[in-house]
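*Asks:* Chain residues, written in single-letter form:
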Amino acid sequence: MDAFSNHTGTALPLRRSNVDTDQIIPAVYLKRVTKTGFEDGLFAAWRNDPNFVLNLPQYAGATILIAGPDFGTGSSREHAVWALQNYGFKVVIGSRFGDIFRGNSGKAGLLIAVVDQKIIEELWDFVEEHPAAPITVDLVSRQITADGFHTEFEIDDYTRWRLLEGLDDIGLTLRHVDQIDEFERRQPGYKPKTLPAKVASTS
Amino acid sequence: MGKTLSEKVWDDHVVRTADGEPDLLFIDLHLVHEVTSPQAFDGLRQAGRGVRRPDLTLATEDHNTPTLNIDQPIADPVSRIQVDTLRRNAREFGIRIHSLGDLDQGIVHIIGPQLGLTQPGLTVVCGDSHTSTHGAFGAIAFGIGTSEVEHVLATQTLPQARPKTMAVNVNGELPAGVTAKDIVLALIAKVGTGGGQGYIVEYRGSAIEALSMEGRMTICNMSIEWGAKAGMIAPDDTTFAYLKGRPHAPEGADWDAALAYWRTLRSDPEAVFDAEVDLDASQLTPYVTWGTNPGQGVPLGAAVPDPEIFAEEGDRTAATKALEYMALKPGQRMRDIHVDTVFLGSCTNGRIEDLRAAAGVIKGHHVADNVRMLVVPGSARVRLQAESEGLDVVFKEAGAEWRAAGCSMCLGMNPDQLAPGERAASTSNRNFEGRQGKGGRTHLVSPLVAAATAVTGTLSSPADLSGSR
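For the protein sequence lines, the chains are A and B, in the order given. For reference, each letter of the first sequence is one residue, going 384 to 586 in the numbering used here. For reference, each letter of the second sequence is one residue, going 29 to 497 in the numbering used here.
Hints listed in this document are in silico derivations from the structure and should not be mistaken for laboratory results. The reader is advised that the hints may include incorrect statements.
[Claimed, not checked] To give an idea of the interface, some chain A residues facing chain B are shown, with a C-beta separation under 7 Å as derived from the structure:
hint : residue
1    : 418
2    : 435
3    : 575
[As the list claims (entries may be wrong)] Taking lysine to any residue and the SDA-like style, the derived pairs with C-alpha atoms no more than 20 Å apart in a straight line are:
hint : chain 1 : residue 1 : chain 2 : residue 2
4    : B       : 466       : A       : 428
5    : B       : 272       : A       : 584
6    : A       : 418       : B       : 72
7    : A       : 574       : B       : 275
8    : A       : 576       : B       : 287
9    : B       : 36        : A       : 569
10   : B       : 466       : A       : 429
11   : A       : 576       : B       : 127
12   : A       : 576       : B       : 283
13   : A       : 576       : B       : 80
14   : B       : 218       : B       : 313
15   : B       : 36        : A       : 581
16   : A       : 576       : B       : 218
17   : B       : 466       : A       : 574
18   : A       : 574       : B       : 127
19   : A       : 501       : B       : 342
20   : B       : 349       : A       : 436
21   : A       : 501       : B       : 124
22   : B       : 218       : A       : 479
23   : A       : 501       : B       : 83
24   : B       : 466       : A       : 501
25   : A       : 574       : B       : 124
26   : B       : 218       : A       : 452
27   : B       : 466       : A       : 452
28   : B       : 349       : A       : 433
29   : A       : 581       : B       : 122
30   : A       : 418       : B       : 71
31   : B       : 192       : A       : 399
32   : A       : 574       : B       : 313
33   : A       : 574       : B       : 339
34   : B       : 466       : A       : 430
35   : A       : 581       : B       : 127
36   : A       : 574       : B       : 279
Each residue gets a CB set at the ideal place from its N, CA and C atoms; glycine is no exception.
Could you put together the complete structure from these sequences and hints?
*Replies:* What follows is the structure in structure tokens.
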């Protein structure tokens, strides 16, 4: 994963609540076996509408998504994160997120910046008035700044540190492989194993 | 101070704890399917890593698989590639797989319990948000993303921040015709889709204890629909009776040792939850959804709400958009809503008890004209069991389609989809826009309501059928 310290870009206001991961990318787009090429499925059901915010020329090239409350709820599909990234988004700012989506974003390097819903309303108004205004999201200082606009955002310390360092989670865990070995040795024998396979003799 | 059930299971799985870091949790059972795993296996190959514990891993094919012509190659080439990729990965990394056509194939959350692999006190994960189903056995079970799937494959652990604890107390006796599905739909309508965020929830109380394992799984399954990290139910004699004799249940002295441990898995009387919610089961009626998230539900006897009744502006906007998408008007009686399709199945309601309940309602009736009913058993064994009881004949004689096992129309990754504008009564878990097919409209219902609705063609309960036989 690439390290993330700060990002400057233009933003796109998505004025909708409860945008679940089925809306971010419908299931029929999940059949690829790579992590790329999911941008076509991003918000697919809404893309046919010429007035959908993603189709408005003033927001073309935006890299910061300003989302409504409860963004990314529902299905665990990490494809939702890849679709946003494949499309070009680096940051999602919102007031409440689905847990699994937020976790997936942290692992995949998409920054989730949490602010109060009041700030989201201000950001939506600001961006609609100044769609070309660059916005800077600084992970080091946890600040969002634009011309005449400034706010702090929340992110848990551990995710922030991992993003700043660009660390590989699995590599971090494998530093403690001795403790995993030790834990496994302590496990009682009655716990189930999938191998060797056992199946019922009849239905 | 005592511990809650979830704290006991959590503490028993902490491999490592350190200040300022999430706990490193050991994972006892990792379930894998074709959609959320290919990139994880790729990641392992790129890093030159293997699967640490193939003996704690189980794969199956469910999301993409067709429910017709399962003896033939999958017609959709993209689906076929994804399924073939899982088969190849399972072979390369030495993972047990139950493929399409295998007796133990089925929806991943149906086959874990069916094989006796899902047991009390375990940690269970899968790249699927409905992994919460397995919490019905007193396990901590939750859905993960593909990066985490790779993490578990490589290390058999996951770094996890400790969630808060919540008790959902459901007391009183359920009225006739009211099911576990109605409990959870009523609960989500009450607390909202974000009400459980950050919590592991324990469902408890006399109405929960009275449920079968199937009913308990239905409730835990939908924990994610109100944002909970996981849902659990303390194991009891109902749990132990379900497990005994299953292929992977412990035997002999192991059974006794396991049982002694399982009996400790209850919240201590003096344990304190971070939050509590109460629900009176005796006041519940069949619940159905009118909107595009599982929290937008009302009793079947009620009407479509007016968006203006909601206190928050966000809820008003969401309700207005939902009614527009669903093509419904405020004040319309739910019972007057016509459906085109009825879907009986999914990891929420695709178990044998669900099929028996629906068959009991539909027996001797016929599916209404212009309505198609799809019955999709949750697993190949559920299908065989149902056939051995003659349930397939009941459904077929009523004019329903009897299909092979899989996720099917719950999410429409296979050919079982709603057409644009088509309306369904569905026993699945999500009524999101386009979930069952682009432009499709979904009303979430219990198996009893699904069966009655198929007969009348409008949202109905079994009580509405009396005299119409």
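*Asks:* Look at each hint and say if it fits the structure.
*Replies:* Hint-by-hint comparison with the structure:
| no. | hint | result |
| --- | --- | --- |
| 1 | 418 | holds (5 Å) |
| 2 | 435 | violated (13 Å) |
| 3 | 575 | holds (5 Å) |
| 4 | B:466 x A:428 | holds (7 Å) |
| 5 | B:272 x A:584 | holds (15 Å) |
| 6 | A:418 x B:72 | holds (14 Å) |
| 7 | A:574 x B:275 | holds (13 Å) |
| 8 | A:576 x B:287 | holds (17 Å) |
| 9 | B:36 x A:569 | holds (17 Å) |
| 10 | B:466 x A:429 | holds (11 Å) |
| 11 | A:576 x B:127 | holds (19 Å) |
| 12 | A:576 x B:283 | holds (14 Å) |
| 13 | A:576 x B:80 | holds (13 Å) |
| 14 | B:218 x B:313 | holds (14 Å) |
| 15 | B:36 x A:581 | violated (29 Å) |
| 16 | A:576 x B:218 | violated (39 Å) |
| 17 | B:466 x A:574 | violated (43 Å) |
| 18 | A:574 x B:127 | violated (25 Å) |
| 19 | A:501 x B:342 | holds (12 Å) |
| 20 | B:349 x A:436 | holds (16 Å) |
| 21 | A:501 x B:124 | violated (50 Å) |
| 22 | B:218 x A:479 | holds (19 Å) |
| 23 | A:501 x B:83 | violated (50 Å) |
| 24 | B:466 x A:501 | violated (33 Å) |
| 25 | A:574 x B:124 | holds (17 Å) |
| 26 | B:218 x A:452 | holds (18 Å) |
| 27 | B:466 x A:452 | violated (24 Å) |
| 28 | B:349 x A:433 | holds (18 Å) |
| 29 | A:581 x B:122 | holds (16 Å) |
| 30 | A:418 x B:71 | holds (10 Å) |
| 31 | B:192 x A:399 | violated (28 Å) |
| 32 | A:574 x B:313 | violated (40 Å) |
| 33 | A:574 x B:339 | violated (49 Å) |
| 34 | B:466 x A:430 | holds (12 Å) |
| 35 | A:581 x B:127 | holds (15 Å) |
| 36 | A:574 x B:279 | holds (11 Å) |
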